[in-house]
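For the protein sequence lines, the chains are A and B, in the order given.
Mapping to this note's numbering: the first sequence position 214 is 214, numbers consecutive.
Mapping to this note's numbering: the second sequence position 370 is 370, numbers consecutive.
Because the hints were derived from the structure by calculation, they are not lab data.
In this text, a Cβ means the ideal position worked out from N, Cα and C, and glycines have one as well.
Take these hints with a grain of salt, some might be off.
[Claimed, not checked] The following label-pair restraints were derived from C-beta to C-beta distances:
| # | chain 1 | residue 1 | chain 2 | residue 2 | range |
| --- | --- | --- | --- | --- | --- |
| 1 | A | 230 | B | 339 | 51 to 61 Å |
| 2 | B | 62 | A | 163 | 31 to 41 Å |
| 3 | A | 108 | B | 322 | 52 to 62 Å |
| 4 | B | 344 | A | 55 | 54 to 64 Å |
| 5 | B | 400 | A | 55 | 31 to 41 Å |
| 6 | B | 400 | A | 86 | 47 to 57 Å |
| 7 | A | 86 | B | 331 | 26 to 36 Å |
| 8 | B | 400 | A | 1 | 38 to 48 Å |
| 9 | A | 162 | B | 59 | 58 to 68 Å |
| 10 | A | 182 | B | 331 | 51 to 61 Å |
| 11 | A | 55 | B | 322 | 28 to 38 Å |
| 12 | A | 74 | B | 78 | 54 to 64 Å |
| 13 | B | 339 | A | 236 | 54 to 64 Å |
[Claimed, not checked] Some chain B residues judged to face chain A by a derived CB distance under 8 Å, without partners named:
| # | residue |
| --- | --- |
| 14 | 162 |
| 15 | 346 |
| 16 | 350 |
| 17 | 352 |
| 18 | 358 |
| 19 | 361 |
| 20 | 371 |
| 21 | 373 |
| 22 | 374 |
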Amino acid sequence: MLKIEDLQVKIGDKEVLKHIDLEINPGETHILFGPNGSGKTSLLMTIMGYPQYTITAGNIFFKGEDITHMPVPERAKLGIGMSYQRPPTIHGLKTRQMVHICARKEIDVEKLAAMVNFSDFLERDINAGFSGGEIKRSELLQLMAQDADLLLFDEPESGVDLENISLIGHSISSLLQRDYKAAPDKTHKQQRAERTRMGLIITHTGFILDYVTADKGQVLYEGVLSCRSNPQEIFRCIKESGYEECVKCAI
Amino acid sequence: MRDLNEKATQAKDKKAVLGPDIDLDAFTADPVAHSYVEDLTKLPEKDRKRILQSGVDASEEGRSGTYFQKDTAIVHADSHQKGLEVLPIKQALKECDWTKDYYWKLVSVDADKYTARAELNLHDGYVIRALPGSKIIYPVQACLYIDKENLSQYVHNLIIAEEDSELHVITGCATSPNLKKGLHVGISEFFVKKNAKLSFTMIHNWAEEMMVRPRSVGMVEEGGLFLNNYICMKPVKSLQMYPTTHLVGKGAVSRFYSLLVGSPGSELDVGGRIFLKSEDARAEITARAISNGGRIISRGDLIGEVPGVKAHLECRGLLLKGGLIHAIPELRGLVDGVEMSHEAAVGKIAQEEILYLMSRGLSEQEATATIVRGFLSVDIPGLPAQLKAEIDHAVEMSEKEMM
Chain A
1 MLKIEDLQVK IGDKEVLKHI DLEINPGETH ILFGPNGSGK TSLLMTIMGY PQYTITAGNI
61 FFKGEDITHM PVPERAKLGI GMSYQRPPTI HGLKTRQMVH ICARKEIDVE KLAAMVNFSD
121 FLERDINAGF SGGEIKRSEL LQLMAQDADL LLFDEPESGV DLENISLIGH SISSLLQRDY
181 KAAPDKTHKQ QRAERTRMGL IITHTGFILD YVTADKGQVL YEGVLSCRSN PQEIFRCIKE
241 SGYEECVKCA I
Chain B
1 MRDLNEKATQ AKDKKAVLGP DIDLDAFTAD PVAHSYVEDL TKLPEKDRKR ILQSGVDASE
61 EGRSGTYFQK DTAIVHADSH QKGLEVLPIK QALKECDWTK DYYWKLVSVD ADKYTARAEL
121 NLHDGYVIRA LPGSKIIYPV QACLYIDKEN LSQYVHNLII AEEDSELHVI TGCATSPNLK
181 KGLHVGISEF FVKKNAKLSF TMIHNWAEEM MVRPRSVGMV EEGGLFLNNY ICMKPVKSLQ
241 MYPTTHLVGK GAVSRFYSLL VGSPGSELDV GGRIFLKSED ARAEITARAI SNGGRIISRG
301 DLIGEVPGVK AHLECRGLLL KGGLIHAIPE LRGLVDGVEM SHEAAVGKIA QEEILYLMSR
361 GLSEQEATAT IVRGFLSVDI PGLPAQLKAE IDHAVEMSEK EMM
């Protein structure tokens with residue numbers, strides 16, 4: 001379980017997150033809506049432990065451990081994984097090597113890569129000249145190798161062409177154990193009961209909802225989290241009246 | 001030959017254009033005797049280990065020939081493959097008439113006092129030659145070793161890839177582990193003839209007080225390929241070199257790669273210069289420099305003399321723990337229709353890259369090491385896997401010391 005209590009975060013002198021409370025139970029996936037600059041990415045980066053995000057109050061617990069001040073790699077080892085929107089290029093580091101780094105154990109890289117149609121990129125430097133869709137597939141491949149329990153997705157559909165969106169959507173769904181077709185011999189109810197992976201997905205456009213089911217949706221607006229509700233409903237409200245109105249109605 | 005001597009005598013005190021001036025009389029150039037060793041595995045273990053770091057394997061496994069010079073004396077020289085000649089240059093000058101057609105034909109004897117003294121004090125050096133049509137698949141290894149304290153070692157090397165031949169050479173220059181001070185002057189002349197392929201990989205392992213002044217020039221004829229790789233990752237007091245290649249035949253190609261690490265107290269001034277003088281010539285210079293507190297000047301110079309040539313220069317510098325990196329990329333297009341470009345970047349490791357790797361579970365130190373390893377790993381098309389492995393090995397060895 002991820003539990004965030006009254007979290008307040010600054011970048012330099014600027015307050016970016018205000019009194020955030022959030023709870024993601026095992027098996028749950030949450031969708032985080034919000035306009036640009038609302039603090040969505042800041043929340044993910046804070047959960048991942050990026051040092052430039054200073055926690056001024058509150059706590060983050062994961063799997064019962066207080067991870068508020070835990071270093072980044074320790075969080076990764078504890079089972080938190082992140083899919084970046086714009087990850088940096090590291091020259092000379094092959095995608096294959098990166099997948100091994102994520103796995104921390106022997107894995108079949110070829111097999112994983114084939115699942116996200118990324119076999120041809122294994123010998124390329126990580127993120128070097130990757131298109132939007134290629135970046136997402138590479139990030140997914142890394143998360144699959146990492147085998148994390150809490151998956152943070154920063155705008156997984158941004159910059160992705162139509163051809164790739166379905167592959168990426170379905171891959172996320174299966175990573176989050178939400179692809180019922182994966183185990184056809186089990187009932188949906190059984191699969192839901194056995195689901196353990198947690199997800200927190202940032203979306204700007206909501207397109208990802210066509211592929212990934214989610215338990216809860218929330219809106220982050222000017223650093224404040226509000227509107228806990230059904231993600232589809234929130235998305236409809238935002239489409240019809242915009243973020244500002246949507247947040248108002250909740251208050 | 002008398003003419004060379006005369007020119008050398010006149011230039012024996014002529015300062016070099018680049019690099020700190022060295023007082024050559026502070027070193028001794030007197031010959032040091034070492035006996036010839038038939039079986040290199042009989043060498044003392046410390047020497048074997050030391051040369052192995054520079055890619056020279058005493059077992060000679062997977063090598064087509066070996067040249068090993070200790071101080072001023074030949075310890076071993078042989079070829080295991082038909083079509084390959086490996087000879088000490090003094091012997092070649094005496095016994096093979098053709099040597100004169102190459103000796104001092106590309107490097108000017110009176111370029112500076114280092115070239116001049118290499119003629120006046122010539123200790124020895126190697127001649128490595130692949131005969132026409134010979135494909136020498138395994139690399140030839142050559143080692144220039146300094147054991148005697150305060151020696152100035154003067155060597156002259158000729159590397160000749162005859163028409164349609166293929167030749168790979170790995171040269172390790174090293175000093176014995178206890179040596180502190182010395183000077184190495186190495187003249188190298190490369191001849192890549194029509195449709196020949198030559199790769200030359202030089203790995204330097206010097207001592208902290210060593211002064212090093214290589215002087216090399218190459219020439220590539222029609223359809224020829226010359227790969228010139230240079231690795232210097234161990235401390236050295238002062239190293240200055242500016243290897244130059246002339247592409248004189250249609251479609252001649254040359255690529256230079258260098259990996260440099262500047263440790264505290266080291267001063268490296270390393271460049272690469274390629275003249276594109278013929279139709280369809282191609283040139284590429286790639287340099288990676290890391291400063292750990294040392295001073296590195298990384299030069300590159302491409303000169304396009306005829307239309308239709310293509311050339312690219314890439315120089316990246318990484319400041320790891322202070323020091324200085326000065327990148328000087330130069331392009332000179334002398335006619336219309338040349339296509340030349342360069343990119344240079346000097347900086348520290350981006351925090352964003354470190355954190356990206358840390359979020360995949362690496363510690364900060366592991367993440368930094370991974371980025372440095374990536375920075376130093378350049379793909380060199382056409383280089384045999386075995387030599388690529390030697391370069392990777394050299395990188396790995398120094399990486400441990402760097403971090």
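Going through the hints against the structure:
no., hint, in the structure
1, A:230 <-> B:339: 51 to 61 Å, "59 Å, holds"
2, B:62 <-> A:163: 31 to 41 Å, "47 Å, violated"
3, A:108 <-> B:322: 52 to 62 Å, "43 Å, violated"
4, B:344 <-> A:55: 54 to 64 Å, "40 Å, violated"
5, B:400 <-> A:55: 31 to 41 Å, "36 Å, holds"
6, B:400 <-> A:86: 47 to 57 Å, "33 Å, violated"
7, A:86 <-> B:331: 26 to 36 Å, "32 Å, holds"
8, B:400 <-> A:1: 38 to 48 Å, "42 Å, holds"
9, A:162 <-> B:59: 58 to 68 Å, "59 Å, holds"
10, A:182 <-> B:331: 51 to 61 Å, "56 Å, holds"
11, A:55 <-> B:322: 28 to 38 Å, "32 Å, holds"
12, A:74 <-> B:78: 54 to 64 Å, "56 Å, holds"
13, B:339 <-> A:236: 54 to 64 Å, "55 Å, holds"
14, 162, "35 Å, violated"
15, 346, "14 Å, violated"
16, 350, "6 Å, holds"
17, 352, "5 Å, holds"
18, 358, "4 Å, holds"
19, 361, "4 Å, holds"
20, 371, "6 Å, holds"
21, 373, "7 Å, holds"
22, 374, "3 Å, holds"
Hint compliance for this structure: hints 2, 3, 4, 6, 14, 15 are broken, all remaining hints hold.
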